[in-house]
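K.L.:
Spelled out, the chains give:
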Amino acid sequence: MPLQSWLTRSRPQPGAPGLRALTVAVDQWRGIAQDIAAASGRLLALWASADAHAIPTIRAAFLAGPQGLLLSVPIMHPESPYPGIGDLFPASVRMQRAVADLTGLRSSDADTRPWLRHAAWPQHYRPLIDPPPQILNAQAMVDDYPFVRVEGEGVHEIAVGPVHAGIIEPGHFRFSVVGEKVLRLEERLAYVHKGIEERFTQLPILEAHRLAARVSGDSAVAFSWAYCQALEGITGNSIPPRAAWLRALYLELERVANHLGDLGALGNDAGFAFGLTQFSRLKEQILRVNDTALGARYLLDSVIPGGTQRDLARADAAALGQCLREIADEAQRLRIIYEEHEGVRDRFNGAGVVSPELATRLGLTGLAGRASAQAFDLRCDLPCEPYTQLSVQKITRSEGDVAARVAVRFDELQESCRLIQHILASLPDGPHRAPLDAPAAGVTGAGLIEGWRGPVCVALEAGPAGTIQRCHPHDPSWQNWPVLEHAVIGNIVPDFPLINKSFNLSYSGHDL
Amino acid sequence: MKPIEILTQALELLAALAAAPLFLGWVNQCRAWLQNRRAPSIWLPYRGIRKLFHKDAVIAANASPFFRLAPYVVFGAMVVAAGIIPSMGTRLPFTVAADAIALVGLLATARVFLSLAAVDIGTAFGTLGARREMMVGFLAEPALLMVIFVASIISATTALPAIAESLATHRLGLYPSLAFTAIAFTLILLAENARLPIDNPATHLELTMIHEAMVLEYSARHLALMEWAAALKLFNYACIGFALFLPWGISIGTGSPLSLLASIPLLGAKLTVTGAALAFIETISAKLRVFRAPEFLAIAFMLAVLGLLVHLLLGA
Chain G
31 MPLQSWLTRS RPQPGAPGLR ALTVAVDQWR GIAQDIAAAS GRLLALWASA
81 DAHAIPTIRA AFLAGPQGLL LSVPIMHPES PYPGIGDLFP ASVRMQRAVA
131 DLTGLRSSDA DTRPWLRHAA WPQHYRPLID PPPQILNAQA MVDDYPFVRV
181 EGEGVHEIAV GPVHAGIIEP GHFRFSVVGE KVLRLEERLA YVHKGIEERF
231 TQLPILEAHR LAARVSGDSA VAFSWAYCQA LEGITGNSIP PRAAWLRALY
281 LELERVANHL GDLGALGNDA GFAFGLTQFS RLKEQILRVN DTALGARYLL
331 DSVIPGGTQR DLARADAAAL GQCLREIADE AQRLRIIYEE HEGVRDRFNG
381 AGVVSPELAT RLGLTGLAGR ASAQAFDLRC DLPCEPYTQL SVQKITRSEG
431 DVAARVAVRF DELQESCRLI QHILASLPDG PHRAPLDAPA AGVTGAGLIE
481 GWRGPVCVAL EAGPAGTIQR CHPHDPSWQN WPVLEHAVIG NIVPDFPLIN
531 KSFNLSYSGH DL
Chain B
45 MKPIEILTQA LELLAALAAA PLFLGWVNQC RAWLQNRRAP SIWLPYRGIR
95 KLFHKDAVIA ANASPFFRLA PYVVFGAMVV AAGIIPSMGT RLPFTVAADA
145 IALVGLLATA RVFLSLAAVD IGTAFGTLGA RREMMVGFLA EPALLMVIFV
195 ASIISATTAL PAIAESLATH RLGLYPSLAF TAIAFTLILL AENARLPIDN
245 PATHLELTMI HEAMVLEYSA RHLALMEWAA ALKLFNYACI GFALFLPWGI
295 SIGTGSPLSL LASIPLLGAK LTVTGAALAF IETISAKLRV FRAPEFLAIA
345 FMLAVLGLLV HLLLGA
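First to last, the protein sequences are chains G and B. First residue of the first sequence? That's 31 in the numbering used here, and the numbers climb one at a time after it. First residue of the second sequence? That's 45 in the numbering used here, and the numbers climb one at a time after it.
If you are wondering where the hints come from, they were derived from the structure by calculation, not from laboratory data. Nothing here was measured: the structure is a model prediction, and the numbers come from that model. Any given hint could be a false lead.
To be verified - Here's a subset of chain B near chain G, in silico, CB distances under 8 Å, partners left out:
(1) 72
(2) 73
(3) 81
(4) 84
(5) 85
(6) 86
(7) 227
(8) 230
(9) 241
(10) 248
(11) 325
(12) 335
(13) 342
Unchecked claim - Computed footprint of chain B on chain G, listed as stretches where at least three residues anywhere in the stretch have a Cβ under 8 Å from a Cβ of chain B:
(14) 210 to 219
(15) 307 to 314
(16) 408 to 422
Said to hold, decoys possible - The calculated label-pair distances, taken between Cβ atoms and stated as ranges, are:
(17) 336/B with 519/G: 47 to 55 Å
(18) 328/B with 359/G: 18 to 26 Å
(19) 186/B with 183/G: 27 to 35 Å
(20) 37/G with 328/B: 43 to 51 Å
(21) 54/B with 519/G: 54 to 62 Å
Glycine included, every Cβ here is placed at the ideal spot set by N, Cα and C.
All chains, full assembly: derive it from the sequences and hints.
P.N.:
Pasting the structure below:
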């Protein structure tokens with residue numbers, strides 16, 4: 031069945047614009063996934079809703095052509111595995127493993143190793159369903175995680191992390207190498223699993239945007255906006271135009287700040303510390319002007335249900351515009367230094383290549399995807415207010431190496447600076463927040479926002495009396511972490527930190 | 045042995061021990077300034093060493109006695125090396141026992157002990173660092189020997205003080221052979237002292253490290269000795285460079301105490317300029333991919349050979 035006939039059966043999904051929802055039976059699940067894959071659709075997220083009383087449901091969000099599609103697959107027989115889609119969407123494998131860890135719903139795919147579990151809770155305990163046990167895994171143990179072994183003459187393993195020499199988030203990387211050449215990399219993450227999804231269900235639905243902002247601190251605006259978009263979809267309210275424009279301003283400021291930080295860190299990882307100090311200075315300028323003009327350095331809790339926390343005064347807007355003009359100029363000059371520096375160029379070019387074909391097959395998304403010719407940007411493809419009026423320029427490269435990811439960052443930085451000037455110049459007047467109606471129980475809303483790293487998806491299901499039945503915040507790092515394993519194959523070990531930094535994926539947003 | 049010789053020898057050893065961390069602090073300070081950062085205190089390396097000496101050592105359960113021994117050997121080798129490099133005066137009693145080739149051997153001994161100790165614990169990083177260190181070492185040592193040969197052929201001796209004396213009393217003029225070898229020596233200095241573009245002394249990325257990866261498992265007094273030894277090595281290399289290429293100002297011949305005294309500020313001035321130049325080179329370079337290190341050192345070797353040829357064929 032072609033995708034179009036599925037879409038005609040779907041109904042509009044509250045939340046982000048252009049989203050449709052469809053419920054299919056388990057035996058149709060693979061069929062529709064195949065049709066979406068055949069139509070070059072992309073997997074945005076996969077999770078499960080399950081509690082002790084309702085029928086457990088596998089849910090997945092896809093980007094299929096000009097539309098987003100939210101699929102629900104009720105699982106009538108939770109004890110038998112549901113059909114996996116790992117062969118169609120490789121990114122789904124880890125998501126399915128996480129679903130199994132949290133809800134006990136197993137897929138039929140071959141990889142049944144735990145992903146989030148890490149021996150922190152017993153094997154058959156389902157954190158999202160079962161009541162909290164009195165004693166959580168009294169005998170703490172080190173679990174034996176079976177890494178894939180590479181055999182052969184001269185092959186040995188290098189185990190890195192989860193504790194690193196620098197102060198970074200924890201992740202374990204198992205390299206199989208010959209000499210300095212990487213034959214295989216296997217990641218093991220989820221060291222910072224905090225039970226965020228369970229925590230959501232304990233919070234009032236009108237206040238949980240604060241938790242959403244903290245899912246991944248560098249994407250605070252993207253996550254809280256996506257959460258609010260989902261919530262406003264549930265209540266059926268639309269926000270005042272000024273609020274939407276202010277949110278876009280925050281989102282672009284977040285993008286600029288993160289790109290600046292990454293560009294500096296990338297220089298530093300190539301041994302060019304000058305880049306780090308210069309870009310750190312520029313990033314700090316943004317954070318400070320954020321603080322004075324918008325009331326928060328990293329814009330935490332700036333986006334709230336119904337609008338924004340604060341309004342923007344005219345004088346502050348002028349200061350913001352001035353600061354961003356300077357930053358755009360300086361970033362352009364630093365770009366020339368990066369591009370003309372022979373040593374930096376040599377390190378960036380040809381390192382960590384993800385070919386466009388590989389990127390398509392594995393579903394590489396967001397910024398890293400655009401550096402490998404995956405021309406997807408929600409700001410252009412499924413634009414919400416005010417992006418419908420901003421005509422964002424989509425930036426892509428096809429080389430897929432570290433240099434391409436750097437170039438995309440530089441270009442997006444300039445584009446975001448342009449957008450910010452445009453937003454500041456045409457910010458509509460009016461209120462910056464509006465009250466929301468009470469959310470109706472049982473309604474599901476979905477938010478989709480293009481964060482700096484890629485598409486951020488928040489699915490929210492309202493419970494009775496202003497509670498949350500289920501909330502799943504989804505970071506694009508889920509899709510991109512597995513691609514990093516492929517990007518380093520054939521590179522040398524000391525280039526890994528640079529390649530890793532060029533993706534700069536989230537641990538916290540992924541481990542939840 | 046005359047009292048002045050003993051005085052010179054003692055002064056040189058003490059000066060090296062005391063000034064090596066200061067020199068490192070100066071290089072770090074210059075690096076910070078060149079990167080538009082506020083610089084750390086020039087005394088920071090001393091504070092680091094003092095702090096480490098006051099800590100309790102943590103040693104891996106599977107470490108052999110060799111692991112504990114290595115810091116003392118490495119540090120000892122660097123101190124002895126400092127004793128035979130004429131940094132202030134040429135009347136050094138120690139140099140009777142060891143010439144420039146023995147000096148290269150001393151540095152190699154330190155390297156072997158450091159690398160074996162890194163492998164001893166059996167962690168991935170130690171092995172990784174030791175492997176890379178040996179790769180850099182086996183390329184840098186012949187180049188260093190070649191540099192010393194050029195100077196020894198010019199002065200017809202392999203004893204460092206005699207080389208320095210001979211070059212210091214040479215007619216002032218441009219020696220193309222020495223210019224080539226000086227560039228070669230600078231490249232070797234960068235590679236051997238874990239500086240950019242071969243290694244990054246400031247990195248926290250364990251997968252890219254060379255020297256730092258080897259000392260990751262050390263703590264407290266052992267780490268203090270290793271860091272002090274690294275500072276001494278940099279100081280020693282700088283002084284080898286001065287002895288070969290900028291020998292002016294050191295106390296030569298029978299040497300009066302006055303000339304010895306006068307050589308102290310001159311050494312300070314040379315170190316100040318060299319440290320700033322080192323920081324400058326490091327600031328403008330990015331780290332090379334590991335497999336380009338052989339190219340880098342091959343250039344050093346080639347330049348040294350070129351220096352030798354220029355001298356032998358042209359007599360320049």
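K.L.:
Take the hints in turn and mark each one as holding or not.
P.N.:
Against the structure, the hints:
Hint on residue 72/B is violated. Least Cβ distance to chain G is approximately 11 Å, over the 8 Å limit. For residue 73/B, the shortest C-beta to C-beta distance to chain G is roughly 14 Å, which exceeds 8 Å, and the interface hint is violated. Checking residue 81/B against chain G by beta carbon gives a least distance of about 5 Å; that is within 8 Å, so the hint holds. A hinted interface residue such as residue 84/B counts as satisfied when its beta carbon comes closer than 8 Å to some beta carbon of chain G; here the least separation is about 14 Å, so the hint is violated.
Given hint, residue 85/B at the interface with chain G, is violated; its Cβ is 18 Å from that chain's nearest Cβ, farther than 8 Å. For residue 86/B, the suggested interface contact is broken, since its CB lies about 19 Å from the closest CB of chain G, more than 8 Å. A distance limit of 8 Å between C-beta atoms decides the matter here; for residue 227/B the minimum to chain G is near 18 Å, and the interface restraint is violated. Of the supplied interface hints, the one on residue 230/B is violated, with its beta-carbon coming no nearer than about 17 Å to a beta-carbon of chain G, more than 8 Å.
For residue 241/B, the interface hint holds, the least distance from its beta-carbon to any beta-carbon of chain G being 6 Å, beneath 8 Å. For residue 248/B, the shortest C-beta to C-beta distance to chain G is roughly 3 Å, which falls under 8 Å, so the interface hint holds. Because the closest C-beta pair between residue 325/B and chain G is about 12 Å apart, greater than 8 Å, the hint is violated. Against a cut-off of 8 Å between C-beta atoms, the interface hint on residue 335/B holds, since the closest Cβ of chain G lies about 7 Å away.
At its closest, the beta carbon of residue 342/B sits 17 Å from a beta carbon of chain G; the interface hint therefore is violated under the 8 Å criterion. Coverage of the stretch 210 to 219 of chain G by chain B is violated. Counting CB-CB distances below 8 Å, 1 residues qualify, and the rule asks for three or more. Interface restraint, the stretch 307 to 314 of chain G with chain B: holds (3 residues with C-beta to C-beta distance below 8 Å; minimum three). With 0 residues bearing a CB less than 8 Å from a CB of chain B, the stretch 408 to 422 of chain G misses the requirement of three and the coverage assertion fails.
In this structure, residue 336/B and residue 519/G break the distance hint of 47 to 55 Å, their C-beta atoms being roughly 21 Å apart. In this structure the supplied range 18 to 26 Å holds for residue 328/B paired with residue 359/G, their Cβ-Cβ distance being about 23 Å. Distance hint check: the CB atoms of residue 186/B and residue 183/G are about 30 Å apart, consistent with the given range 27 to 35 Å. Range check, residue 37/G to residue 328/B: Cβ separation about 57 Å, and the 43 to 51 Å hint is violated.
Distance hint for residue 54/B and residue 519/G: a CB-CB separation of about 58 Å, consistent with the stated range 54 to 62 Å.
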